[in-house]
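Number of protein chains: 2
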Amino acid sequence: MDKEKENRVSITVIRRLPKYYRYLGELLKKGINRVSSQELSELTGFTASQIRQDLNNFGGFGQQGYGYNVEGLYYQLGKILGLDRTYNTVIVGAGNLGQAIANYKGFEDAGFKVLSLFDKNPKLIGLKIRDIEIRDVDELEDFIKENNVEIGIITTPKENAQEIADIYMKSGIKGIWNFAPADLKVDDDVVIENVHLNESLFTLSYFLKNKSDYVKN
Amino acid sequence: MDKEKENRVSITVIRRLPKYYRYLGELLKKGINRVSSQELSELTGFTASQIRQDLNNFGGFGQQGYGYNVEGLYYQLGKILGLDRTYNTVIVGAGNLGQAIANYKGFEDAGFKVLSLFDKNPKLIGLKIRDIEIRDVDELEDFIKENNVEIGIITTPKENAQEIADIYMKSGIKGIWNFAPADLKVDDDVVIENVHLNESLFTLSYFLKNKSDYVKN
Numbered sequence: 001m002d003k004e005k006e007n008r009v010s011i012t013v014i015r016r017l018p019k020y021y022r023y024l025g026e027l028l029k030k031g032i033n034r035v036s037s038q039e040l041s042e043l044t045g046f047t048a049s050q051i052r053q054d055l056n057n058f059g060g061f062g063q064q065g066y067g068y069n070v071e072g073l074y075y076q077l078g079k080i081l082g083l084d085r086t087y088n089t090v091i092v093g094a095g096n097l098g099q100a101i102a103n104y105k106g107f108e109d110a111g112f113k114v115l116s117l118f119d120k121n122p123k124l125i126g127l128k129i130r131d132i133e134i135r136d137v138d139e140l141e142d143f144i145k146e147n148n149v150e151i152g153i154i155t156t157p158k159e160n161a162q163e164i165a166d167i168y169m170k171s172g173i174k175g176i177w178n179f180a181p182a183d184l185k186v187d188d189d190v191v192i193e194n195v196h197l198n199e200s201l202f203t204l205s206y207f208l209k210n211k212s213d214y215v216k217n
Numbered sequence: 001m002d003k004e005k006e007n008r009v010s011i012t013v014i015r016r017l018p019k020y021y022r023y024l025g026e027l028l029k030k031g032i033n034r035v036s037s038q039e040l041s042e043l044t045g046f047t048a049s050q051i052r053q054d055l056n057n058f059g060g061f062g063q064q065g066y067g068y069n070v071e072g073l074y075y076q077l078g079k080i081l082g083l084d085r086t087y088n089t090v091i092v093g094a095g096n097l098g099q100a101i102a103n104y105k106g107f108e109d110a111g112f113k114v115l116s117l118f119d120k121n122p123k124l125i126g127l128k129i130r131d132i133e134i135r136d137v138d139e140l141e142d143f144i145k146e147n148n149v150e151i152g153i154i155t156t157p158k159e160n161a162q163e164i165a166d167i168y169m170k171s172g173i174k175g176i177w178n179f180a181p182a183d184l185k186v187d188d189d190v191v192i193e194n195v196h197l198n199e200s201l202f203t204l205s206y207f208l209k210n211k212s213d214y215v216k217n
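Read top to bottom, the protein sequences are chains L and U.
For the first sequence, position 208 matches number 208 in the UniProt record's numbering, and the numbering has no gaps at all.
For the second sequence, position 40 matches number 40 in the UniProt record's numbering, and the numbering has no gaps at all.
These are calculated hints, taken from the structure and not from any lab test.
Hints may be right or wrong, so weigh each one.
Estimated spans, in silico, between C-beta atoms of each pair [to be verified]:
#1 U:ASN56 / L:LEU28: 44 to 54 Å
#2 L:LEU28 / U:LYS30: 44 to 54 Å
#3 L:ASN69 / U:SER36: 50 to 60 Å
#4 L:ASN103 / U:ASN147: 25 to 35 Å
#5 L:ARG34 / U:ARG85: 45 to 55 Å
We treat Cβ as the ideally placed atom computed from N, Cα and C, and that holds for glycine.
Excised from the complex, chain L in its bound form (with noise of 0.2 Å):
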């Protein structure tokens, strides 16, 4: 195993650190400044050793006998997942999918910028979704170069997302958020996160049927 994968941190740790950081967030809001690992474990559902050893992996944030501090452990788990900073967006497929995304103010609120969205159906080029205009995909490339925008969504049906993706690399994108049921190829230095609602569901259903296999998750 070489250097760069040993000091890796795993997939599995990455996943439970946005969820820490929302119940974070919670907490800030109630007004409550310290947290041990015991009350975080009551409220995620990890333990806390689990905890404990997650968050060791970015730095020693906890003081034994006190937790951690509400306020600081929210900021610096923010940093550590790139919120610190914002991000221009845009979405190709303005059906109800990609409405719903832009319609979603909570992105906006931690820094995810919808500037436009893109469809190649002329009924819905030039309709607003909040005021976020939809324009012709012919427009994408130009857009995002003369934008700035680090983060292409694709909510198109699966034929079309490998195209897409195609354009977004071209343009310059570097993450790609991707709601399309297909597996897209992209280069090394991009980072695509999938939402494959299909296999959700399909989980789900393999979980009523298998009960015994259910972990709350």
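Go by the hints and put chain U onto chain L.
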């Protein structure tokens, strides 16, 4: 470790099954009858030995020197995933996301039929998405009981999600597909599958910032 836990198939294996199922479906459409674990490895990105191990959890599907029969394995995996039957579902929250799910024919094709959407917004009640009516959430409990609904989908704001989960459970639903950014408290015999979009997006921004931790998934 008790016997039940010992025999439990791990969640990471289970989450790979729908992916195998999808790829096998695509091979089948192309008229390919036979596939080796090596070929499946090239398609899915998992190693051939991982694939063989995963499938061995459920029985010996492959034959040394032959590989897998595509149609047979597709059928068996479908059965394991509980896709050899249909499910009645309802959606509470008829905003863009709820409408997107109702509109997506792929779920219905896989056996998940959305019988009705529900909302409390009088402007939405009575409208139809495809041929699916939006009803008053006050009718939810009766509707579920009268229509043998087995899966409840939640696409409400997080503030309403627990209340809806409680109605689902009271009405006898054992499977919840939750899109609200909240961890819901459910009875031990209820299976819940969360799609936390915020967490997925934050994982993307983490990887954009920490590319050396990125593993294709």
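Hint-by-hint comparison with the structure:
Judged by the Cβ atoms, the range 44 to 54 Å given for ASN56 (chain U) and LEU28 (chain L) holds: they are separated by roughly 47 Å. Restraint check, LEU28 (chain L) to LYS30 (chain U): a C-beta distance of roughly 52 Å satisfies the suggested window 44 to 54 Å. Range check, ASN69 (chain L) to SER36 (chain U): about 54 Å between beta-carbon atoms, so the 50 to 60 Å window is met. Between ASN103 (chain L) and ASN147 (chain U) the C-beta distance comes to about 29 Å, which sits within the given range of 25 to 35 Å.
Our hint of 45 to 55 Å for ARG34 (chain L) and ARG85 (chain U) holds, since their Cβ atoms are close to 50 Å apart.
This entry satisfies every hint, going by the numbered hints stated previously.
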